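Trainee: Chains as they are written, first to last, in the numbering used here: chain A, 26 to 184; chain B, 2 to 754.
One or more hints might be untrue.
Claimed, not checked - If you anchor each label on the Cβ, the simulated ranges turn out as follows: (1) A:Glu149 <-> B:Asp618: 15 to 25 Å; (2) A:Glu183 <-> B:Asp618: 37 to 47 Å; (3) B:Ser246 <-> A:Pro145: 37 to 47 Å.
What the hints assert, rightly or not - Derived DMTMM-like pairs (lysine to aspartate or glutamate); straight-line CA-CA distance at most 20 Å: (4) B:Lys222 <-> B:Asp348; (5) B:Lys313 <-> B:Glu355; (6) B:Lys9 <-> B:Asp393; (7) B:Lys119 <-> A:Glu57; (8) A:Lys28 <-> B:Asp692; (9) B:Lys105 <-> B:Glu671; (10) B:Lys9 <-> A:Glu120; (11) A:Lys28 <-> B:Glu125; (12) B:Lys308 <-> B:Asp191; (13) B:Lys119 <-> A:Glu45; (14) B:Lys312 <-> B:Glu391; (15) B:Lys251 <-> B:Asp508; (16) A:Lys28 <-> A:Glu93; (17) B:Lys119 <-> A:Asp56; (18) B:Lys251 <-> B:Glu292; (19) B:Lys312 <-> B:Asp393; (20) B:Lys439 <-> B:Asp191; (21) B:Lys430 <-> B:Asp692.
If you are wondering where the hints come from, they were derived from the structure by calculation, not from laboratory data. Nothing here was measured: the structure is a model prediction, and the numbers come from that model. Each residue gets a CB set at the ideal place from its N, CA and C atoms; glycine is no exception.
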Amino acid sequence: MAKVHVTTSVNGEEREVLCEPHQSLLDVLRDELGMTGTKEGCATGDCGACSVLIDGRLVCSCLMLGVEAEGVDITTIEGIANGSELHVLQRKFLEHAALQCGICTPGFIVAAKALLDTNPDPDETTIRYWLAGNLCRCTGYDKIVRAVQDAAQELAYEA
Amino acid sequence: MAEAHDYKAIGTSPVRPDGVDKVTGRANFGADLNLPNMLHGKVLRSPHAHARIRSVDVSRALEMDGVYAAISGADFPSGAEGDIQGEGGGTVSDLAQNIVARDKALYHGHPVAAVAAKTPYIAERALDLIEVDYEVLPPVLDVDEAMADGATLINENLHTNGDTSQPASNVAGITKFERGDVDEAFAEADLIVEGEYRTPTAHQGYIEPHACTATYSEEGKATIWCCTQGHFDVRSLTASVLGVSVGDLKVIPSEIGGGFGGKTVIYLEPLAVKLSEVSGRPVKMVMSREEVFRATGPTSATHSRVKVGAKKDGTITAASAWIAYEAGAFPGAPVGPGCMAIFAPYDLPNFRVEGFDVLVNKPKVAAYRAPGAPQAMYAMESAVDDLARELDMDPIDLRLMNAADEGTQAPYGPTFPPIGIRDCLQAAKAHPNYTTPKGEGVGRGIAAGFWFNIGMQSSAEVRLSEDGTVTVVEGNPDIGGTRASMCLMAAETLGVPYETVRAHVGDTESTGFCNVTGGSRTTFATGMAVVQACEDIIAQCKQRAAATWDIDADQVDWTDGEAVPQPGVNVDVQPLSLADIAGNAGRTGGPILGRASLNAQGAGASFSVNMADVTVDRETGKVDVVNFTAIQDAGTAIHRAYVEGQMQGGAVQGLGWALNEEYVYDANGEMENAGFLDYRVPVTSDMPMIDTHIVEVPNPSHPYGVRGVGETPIVAPLSVAANAVRDALGFRIPDLPLSPPNVLAAIDDREGA
Numbered sequence: 026m027a028k029v030h031v032t033t034s035v036n037g038e039e040r041e042v043l044c045e046p047h048q049s050l051l052d053v054l055r056d057e058l059g060m061t062g063t064k065e066g067c068a069t070g071d072c073g074a075c076s077v078l079i080d081g082r083l084v085c086s087c088l089m090l091g092v093e094a095e096g097v098d099i100t101t102i103e104g105i106a107n108g109s110e111l112h113v114l115q116r117k118f119l120e121h122a123a124l125q126c127g128i129c130t131p132g133f134i135v136a137a138k139a140l141l142d143t144n145p146d147p148d149e150t151t152i153r154y155w156l157a158g159n160l161c162r163c164t165g166y167d168k169i170v171r172a173v174q175d176a177a178q179e180l181a182y183e184a
Numbered sequence: 002m003a004e005a006h007d008y009k010a011i012g013t014s015p016v017r018p019d020g021v022d023k024v025t026g027r028a029n030f031g032a033d034l035n036l037p038n039m040l041h042g043k044v045l046r047s048p049h050a051h052a053r054i055r056s057v058d059v060s061r062a063l064e065m066d067g068v069y070a071a072i073s074g075a076d077f078p079s080g081a082e083g084d085i086q087g088e089g090g091g092t093v094s095d096l097a098q099n100i101v102a103r104d105k106a107l108y109h110g111h112p113v114a115a116v117a118a119k120t121p122y123i124a125e126r127a128l129d130l131i132e133v134d135y136e137v138l139p140p141v142l143d144v145d146e147a148m149a150d151g152a153t154l155i156n157e158n159l160h161t162n163g164d165t166s167q168p169a170s171n172v173a174g175i176t177k178f179e180r181g182d183v184d185e186a187f188a189e190a191d192l193i194v195e196g197e198y199r200t201p202t203a204h205q206g207y208i209e210p211h212a213c214t215a216t217y218s219e220e221g222k223a224t225i226w227c228c229t230q231g232h233f234d235v236r237s238l239t240a241s242v243l244g245v246s247v248g249d250l251k252v253i254p255s256e257i258g259g260g261f262g263g264k265t266v267i268y269l270e271p272l273a274v275k276l277s278e279v280s281g282r283p284v285k286m287v288m289s290r291e292e293v294f295r296a297t298g299p300t301s302a303t304h305s306r307v308k309v310g311a312k313k314d315g316t317i318t319a320a321s322a323w324i325a326y327e328a329g330a331f332p333g334a335p336v337g338p339g340c341m342a343i344f345a346p347y348d349l350p351n352f353r354v355e356g357f358d359v360l361v362n363k364p365k366v367a368a369y370r371a372p373g374a375p376q377a378m379y380a381m382e383s384a385v386d387d388l389a390r391e392l393d394m395d396p397i398d399l400r401l402m403n404a405a406d407e408g409t410q411a412p413y414g415p416t417f418p419p420i421g422i423r424d425c426l427q428a429a430k431a432h433p434n435y436t437t438p439k440g441e442g443v444g445r446g447i448a449a450g451f452w453f454n455i456g457m458q459s460s461a462e463v464r465l466s467e468d469g470t471v472t473v474v475e476g477n478p479d480i481g482g483t484r485a486s487m488c489l490m491a492a493e494t495l496g497v498p499y500e501t502v503r504a505h506v507g508d509t510e511s512t513g514f515c516n517v518t519g520g521s522r523t524t525f526a527t528g529m530a531v532v533q534a535c536e537d538i539i540a541q542c543k544q545r546a547a548a549t550w551d552i553d554a555d556q557v558d559w560t561d562g563e564a565v566p567q568p569g570v571n572v573d574v575q576p577l578s579l580a581d582i583a584g585n586a587g588r589t590g591g592p593i594l595g596r597a598s599l600n601a602q603g604a605g606a607s608f609s610v611n612m613a614d615v616t617v618d619r620e621t622g623k624v625d626v627v628n629f630t631a632i633q634d635a636g637t638a639i640h641r642a643y644v645e646g647q648m649q650g651g652a653v654q655g656l657g658w659a660l661n662e663e664y665v666y667d668a669n670g671e672m673e674n675a676g677f678l679d680y681r682v683p684v685t686s687d688m689p690m691i692d693t694h695i696v697e698v699p700n701p702s703h704p705y706g707v708r709g710v711g712e713t714p715i716v717a718p719l720s721v722a723a724n725a726v727r728d729a730l731g732f733r734i735p736d737l738p739l740s741p742p743n744v745l746a747a748i749d750d751r752e753g754a
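Produce the complete structure using the sequences and hints provided.
Mentor: See below:
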């Protein structure tokens with residue numbers, strides 16, 4: 026099967042990639058572009074570990090084909106920090122001990138960023154329902170929710 | 002209580018040393034390694050739960066373009082003997098047959114063959130070309146069926162407790178123990194409560210699927226990168242399956258995306274090494290989520306009966322338990338620990354326990370957080386709840402009246418040193434979530450939990466850099482913040498700031514032997530090794546200082562990270578800091594390196610008391626958790642936030658087990674819900690905040706009082722949820738999970754709908 030040439034933007038940088046028509050965006054990111062920060066937990070869209078932003082919208086990269094990335098802007102966990110300065114969500118996840126094993130963390134941070142980008146002042150219920158597509162088996166979610174609440178508060182204070 | 006101590010580092014909650022890598026996507030997990038020229042391996046799995054394998058032919062797969070190796074059971078040594086040296090136990094032969102079936106497939110998903118190809122896609126296609134001739138046999142799918150007279154035998158050569166004078170059986174072993182005169186004590190009881198309970202097959206549900214990459218070299222040695230709770234165990238288990246020396250294997254642990262016991266065993270590693278050997282190229286293997294459900298992990302489903310007798314005043318006179326555990330396809334259910342844990346919170350003069358290790362055609366069970374205890378204690382804590390109702394007593398008062406204490410002989414033998422069950426019960430009784438009256442329609446449940454915790458073997462090195470910064474090297478994969486705990490204990494011992502200490506998890510060739518990250522042992526046992534290695538550093542630093550000052554080493558004290566002459570020693574010198582001594586090490590004897598290796602004794606039992614308020618929707622059967630309170634004795638909390646995190650995570654994992662999670666099988670033994678959509682673990686919107694209260698009754702056997710905290714948290718939530726639902730509904734549903742369809746069916750049944 027002929028590979029397909031795809032031009033896309035990953036974290037603000039134009040990238041060209043040859044991908045198999047059957048490859049998911051997740052596989053293209055991880056295997057073709059070497060960006061392994063985005064994780065696979067299920068490959069069926071149930072766990073959110075592979076969360077990325079496509080033109081600012083939260084997407085499970087395992088449910089999108091690589092060839093569909095032509096011309097879009099992709100944001101992955103590797104693009105969340107501003108250079109060497111951590112995003113407030115990353116800082117708050119660390120300060121609140123909102124990760125234990127850390128495999129779900131990239132997906133949670135990307136998903137939480139998508140929330141705060143559109144709703145800077147979410148209440149606890151909104152946070153819990155927004156993040157319901159991201160599974161964490163270690164933390165019981167308590168510290169994750171608190172980290173997102175605290176990040177929202179700091180962003181509001183800065184604004 | 003530990004508040005009395007004047008610790009500087011211990012008990013704080015700093016950012017973990019590996020944290021930034023984990024919030025930026027930089028940390029490398031099991032599937033993140035790619036090597037030049039690498040192939041991808043895939044496993045062909047049995048489509049039958051029970052079948053004789055007449056033949057396996059991989060030749061057509063090998064002919065496919067892009068396929069470089071295809072193997073089956075015939076490629077592995079047969080007749081492996083001996084027992085596994087490691088946490089899980091069992092035999093090498095069973096392990097080897099679980100890695101790849103030989104003459105029989107014993108569960109749907111049992112590996113039968115494997116291929117390595119240029120891409121994962123080609124490897125998948127090649128699996129379709131492997132020809133396997135099966136003689137399908139009837140599957141045995143639960144303990145009742147397996148223990149029934151005339152049951153289909155899963156292993157015709159298996160005899161209960163190895164007694165070949167008896168006919169072959171699906172019951173691999175029976176564990177019994179007893180104290181006092183149980184029958185007499187039941188006869189003396191004023192009332193007796195009895196219950197019969199079931200728990201489902203459930204999975205650890207770690208978010209990271211199993212993954213490994215292996216490369217075999219021409220000199221007959223192999224390197225394995227994998228996500229594991231214990232790379233030294235991966236080395237020994239893989240060596241035993243391959244029939245090679247542990248010296249031929251090097252295992253490098255990646256970061257690990259959850260394990261909960263399920264990554265203390267091996268699945269892919271011997272296949273990857275063999276595929277690499279055959280192909281001459283590195284081979285990476287990553288399981289799909291479906292494979293994880295079908296062929297790894299689960300914990301035992303159980304069927305149990307419990308009986309408790311008491312006096313009118315609440316004194317428990319006797320208890321007995323009968324518990325059958327599913328082992329999966331090979332012996333090895335956690336019967337022993339479950340039977341030893343069931344009565345642990347109580348001071349019981351008379352009890353009897355009987356446990357059964359029962360084969361069924363399901364995946365071989367693996368350790369799951371406090372293996373065996375949640376199922377057993379679910380039964381007992383439900384019965385104790387019923388007893389409190391019968392007696393019209395407060396369930397905490399009833400437990401306090403019968404609780405074990407320092408000096409009590411534990412049901413499993415030893416006499417308890419200081420333990421925290423009473424402190425936990427008292428903390429629960431005083432907690433606002435208990436003293437606040439429950440709302441309208443709310444059910445409240447309470448239960449106790451327990452885990453032994455273990456010690457076992459650990460090694461640690463502490464290295465002093467030339468500027469006085471410190472590197473801790475040990476061999477326990479960091480599954481939930483143990484690097485931070487090691488750094489805190491090292492900083493406390495050395496008297497230096499936490500920020501100057503880094504921790505590194507070494508591979509099998511760069512650090513000394515460590516047993517698995519499991520049994521809640523890492524902060525206890527490996528922490529003890531780190532503390533001793535730091536004491537070794539301090540002893541050396543005192544010698545260096547003494548040499549510098551021209552006095553004896555025993556005239557030097559180590560205070561707040563500095564060498565100082567002891568009071569009364571008449572020298573006019575300035576204190577020497579760790580940095581001073583490290584910077585001068587080249588002139589005082591060379592680099593400074595501390596080390597320790599030990600087999601840690603005196604693991605401290607950890608008790609918990611949990612409680613929850615729930616509501617039950619009688620229209621749908623859905624249970625909502627309104628609040629949850631986890632109270633647990635940590636001994637000493639080294640990193641407070643990560644101790645809380647263990648308690649919160651275990652609570653939610655236990656609630657998932659209680660309220661929704663179960664393997665659903667069809668009549669042929671195929672799991673029908675092998676994905677996260679249908680095997681539904683708790684999600685953020687299912688849960689409230691989880692309130693925690695850390696009790697600290699220091700363990701006298703650890704330099705800082707650590708007990709270990711990882712496993713106890715999952716034990717109580719099963720019965721907490723069930724007792725709360727009992728309270729809300731007015732009747733007990735004894736079989737888990739209390740999922741909407743099961744609860745609705747029970748309500749309809751009760752109301753005659």
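Trainee: Work down the list of hints and note, for each, if the structure agrees.
Mentor: Checked hints:
Take glutamate 149 of chain A and aspartate 618 of chain B: their Cβ atoms lie about 21 Å apart, and the range 15 to 25 Å holds. Checked against the given bound of 37 to 47 Å, the beta carbons of glutamate 183 of chain A and aspartate 618 of chain B, roughly 42 Å apart, stay inside it. At about 60 Å, the CB distance of serine 246 of chain B to proline 145 of chain A disagrees with the hint of 37 to 47 Å. Distance check on the hinted pair: lysine 222 of chain B and aspartate 348 of chain B sit about 54 Å apart at the alpha-carbon level, beyond 20 Å; violated.
For the hint linking lysine 313 of chain B to glutamate 355 of chain B, the alpha-carbon distance of about 27 Å lies beyond 20 Å, and the restraint is violated. Proximity of lysine 9 of chain B to aspartate 393 of chain B is assessed by CA-CA distance (about 47 Å); at most 20 Å being required, the pair is judged violated. A hinted pair counts as satisfied when its Cα atoms are at most 20 Å apart, and lysine 119 of chain B with glutamate 57 of chain A qualifies at roughly 14 Å. A hinted pair counts as satisfied when its Cα atoms are at most 20 Å apart, and lysine 28 of chain A with aspartate 692 of chain B does not qualify at roughly 53 Å.
Restraint check for lysine 105 of chain B and glutamate 671 of chain B: satisfied, since their Cα atoms lie roughly 16 Å apart, inside the 20 Å limit. The suggested pairing of lysine 9 of chain B with glutamate 120 of chain A holds, with an alpha-carbon distance near 19 Å, which does not exceed 20 Å. For the hint linking lysine 28 of chain A to glutamate 125 of chain B, the alpha-carbon distance of about 18 Å falls within 20 Å, and the restraint holds. Our distance criterion of 20 Å between C-alpha atoms is met by lysine 308 of chain B and aspartate 191 of chain B, whose separation comes to about 13 Å.
Taking the CA atoms of lysine 119 of chain B and glutamate 45 of chain A, the gap is near 13 Å; set against the 20 Å cutoff, the hint holds. For the hint linking lysine 312 of chain B to glutamate 391 of chain B, the alpha-carbon distance of about 11 Å falls within 20 Å, and the restraint holds. Simply put, lysine 251 of chain B and aspartate 508 of chain B have alpha-carbon atoms about 8 Å apart, close enough for the 20 Å limit, and the pair holds. Under the criterion of a C-alpha separation no larger than 20 Å, the hint pairing lysine 28 of chain A with glutamate 93 of chain A is consistent with the structure, at around 13 Å.
The straight-line distance between the Cα atoms of lysine 119 of chain B and aspartate 56 of chain A is roughly 13 Å, inside the 20 Å bound, and the hint therefore holds. A distance of roughly 26 Å separates the Cα atoms of lysine 251 of chain B and glutamate 292 of chain B; the hinted pair therefore is violated under the 20 Å criterion. In summary, the hint linking lysine 312 of chain B to aspartate 393 of chain B is supported, as the alpha carbons are separated by about 13 Å, within the 20 Å threshold. Proximity of lysine 439 of chain B to aspartate 191 of chain B is assessed by CA-CA distance (about 31 Å); at most 20 Å being required, the pair is judged violated.
Our distance criterion of 20 Å between C-alpha atoms is met by lysine 430 of chain B and aspartate 692 of chain B, whose separation comes to about 14 Å.
Checked against the numbered hints given earlier, the structure breaks hints 3, 4, 5, 6, 8, 18, 20 and satisfies all the rest.
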